[in-house]
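Asker: Sequence:
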Amino acid sequence: MRTKRLSIKQLGSVLLISAAAGAGARYLANKTRQQGQKIYDYTTPQKLIDWSVARMIALRVSQWQEHPVINRAERQAEYDQMVERSQPLIDDYLNVKLPETLSRVKVVDRKEWIDANLRSFERLFEPIEQLYRQAAQNAGRNPSVNAINRAFVGAQVGAMVGVLARKVLGQYDLSLLSPQAEPGMLYFVEPNIARVQQGLGVDDHDFRLWITLHETTHAYEFEAYGWVRDHFSNLIQRYFNELGGQLDALRNGVGNFINRIFNNSKTPNDGHWMEQLLTPTQRQVFSELQALMSLVEGYSNHIMNAVGREILPNFEQIEARMSDRKEKRSIFDELFNRITGMSLKMQQYEQGERFVNAIADHGGKELAARVWEGPAMLPTLEEIRNPQLWIARVGA
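Here the sequence shown stands for residues 1 to 396, where the numbers follow full-length UniProt numbering.
Hints are computed from structural coordinates only; laboratory data are not their basis. Worth double-checking, as some hints may not be accurate.
Claimed, not checked - Computed beta-carbon distance windows for the label pairs:
1. Met56 to Arg393: 42 to 52 Å
2. Asp80 to Arg195: 32 to 42 Å
3. Glu182 to Gln130: 21 to 31 Å
4. Lys106 to Leu367: 26 to 36 Å
5. Met377 to Glu350: 16 to 26 Å
6. Asn314 to Gln63: 23 to 33 Å
7. Glu316 to Arg72: 22 to 32 Å
8. Leu367 to Asn241: 29 to 39 Å
9. Asp324 to Lys365: 24 to 34 Å
10. Gln65 to Arg370: 16 to 26 Å
11. Arg104 to Lys365: 34 to 44 Å
12. Lys365 to Ser103: 21 to 31 Å
Said to hold, decoys possible - When the alpha-carbon atoms are kept at most 25 Å apart in a straight line, the in silico BS3-like pairs for lysine-lysine are as follows:
13. Lys111 to Lys167
14. Lys167 to Lys106
15. Lys47 to Lys111
16. Lys167 to Lys47
All C-beta atoms in this analysis are idealised placements derived from N, C-alpha and C, irrespective of residue type, glycine included.
Using the sequences provided together with the hints, build the complete structure.
Answerer: Okay, here's the thing in structure tokens:
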């Protein structure tokens, strides 16, 4: 199986979109009428998304040509040194070491980030497309998807990725659903980092080292604690397996699907509208994924700030100005975040940081590090929101 790489920050939205795409695939397979005795080719991959359109739109939206990497070789050397400097600091804080020194560090522009992530998205959507072909084959129907529909969905995905390409600063890109655990890749989207740093008027070096601490911590979470990657991949595999398990329930029409959306909408604290597309089993798995992603992001923020406060002369200024920047998001940013579900994810990541801060305040960094002892020590979403529940459960 080919390696699938994806950023933690975007995974929540991608999983929700995949649920919508999976539902659409089942609907199309159910709706398409059998055309006589024609034999269809069910083995040829049928794409639900036109990825060439997605890339074209993403590049156009990202305005990548207007924001090149300045002094790429010098910046590459700088980030290499910062990652190298970050490792002993994180070693000391977590009292753990990486299996091998981090060396997969790359400075990228928006175009390179788009290409890397669209490749990841395309591979992650393979189970959905296999699901669609299976549904069509079982029903003896034409598995083709209208080119206009493919282009339309491709344009939607491209617009989302293009906007994200203008925002993302750094990314730990990990391998998912791969038979062998491969080291992750650290990306630094230098044009965006430079734009934010200059806009905030903060120190060039300190700001970049602050970002580096966050992304490097992600490598520790998935590589120093080997079980985390396996657990994460298993959750994602369970999520996609559940998509396949819905075929029989939906083969007779979309009535059950619509009814599920209606019933789920009555449940309080549903989150994003796309979560209404999930079955109860999917919602449970998705909840576990949300809790893990919230912990991963929250822990990286915690270390970025705890270590940054000790080593960065301009830390207080950086923290204050970044906080002020978050409070002054544009109307476009707010609308985009709400439509794509990113606002919900950012809220959960903030809850994740508050969770880690709370348990560190209660029992020090040693107690906080216990979340990485094994799956049983991971917090639930309810515990993320109420850290005292986790503290009571582990007997701290």
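Asker: Now look at each hint and say whether the structure bears it out.
Answerer: Now the hints, each set against the structure:
Roughly 50 Å separates the CB atoms of Met56 and Arg393, a value that falls within the hinted 42 to 52 Å. Under the hint 32 to 42 Å, the C-beta atoms of Asp80 and Arg195, about 22 Å apart, miss the expected range. For the hinted restraint 21 to 31 Å between Glu182 and Gln130, the CB-CB distance of approximately 23 Å keeps it satisfied. Restraint check, Lys106 to Leu367: a C-beta distance of roughly 35 Å satisfies the suggested window 26 to 36 Å.
Distance hint check for Met377 and Glu350: the Cβ-Cβ separation is about 22 Å, which falls inside the suggested range of 16 to 26 Å. Take Asn314 and Gln63: their Cβ atoms lie about 29 Å apart, and the range 23 to 33 Å holds. For the pair Glu316 and Arg72, the supplied restraint of 22 to 32 Å holds, since their beta-carbon distance comes to about 31 Å. Between Leu367 and Asn241, the C-beta spacing of about 35 Å keeps the proposed range 29 to 39 Å intact.
Separation of Asp324 from Lys365 is about 28 Å and conforms to the stated range, judged on CB atoms against 24 to 34 Å. Taken as a hint, the range 16 to 26 Å is violated for the pair Gln65 and Arg370, whose Cβ atoms sit roughly 48 Å apart. Distance hint for Arg104 and Lys365: a CB-CB separation of about 27 Å, inconsistent with the stated range 34 to 44 Å. In this structure the hint that Lys365 and Ser103 lie 21 to 31 Å apart at CB holds, the actual value being about 27 Å.
Restraint check for Lys111 and Lys167: satisfied, since their Cα atoms lie roughly 13 Å apart, inside the 25 Å limit. Between Lys167 and Lys106, the direct Cα distance comes to roughly 17 Å. Compliance with the 25 Å bound is thereby established for this hinted pair. For the suggested pair Lys47 and Lys111, the alpha carbons sit about 23 Å apart, so the restraint of at most 25 Å is met. At roughly 28 Å between alpha-carbon atoms, Lys167 and Lys47 are farther apart than 25 Å, so this suggested pair is violated.
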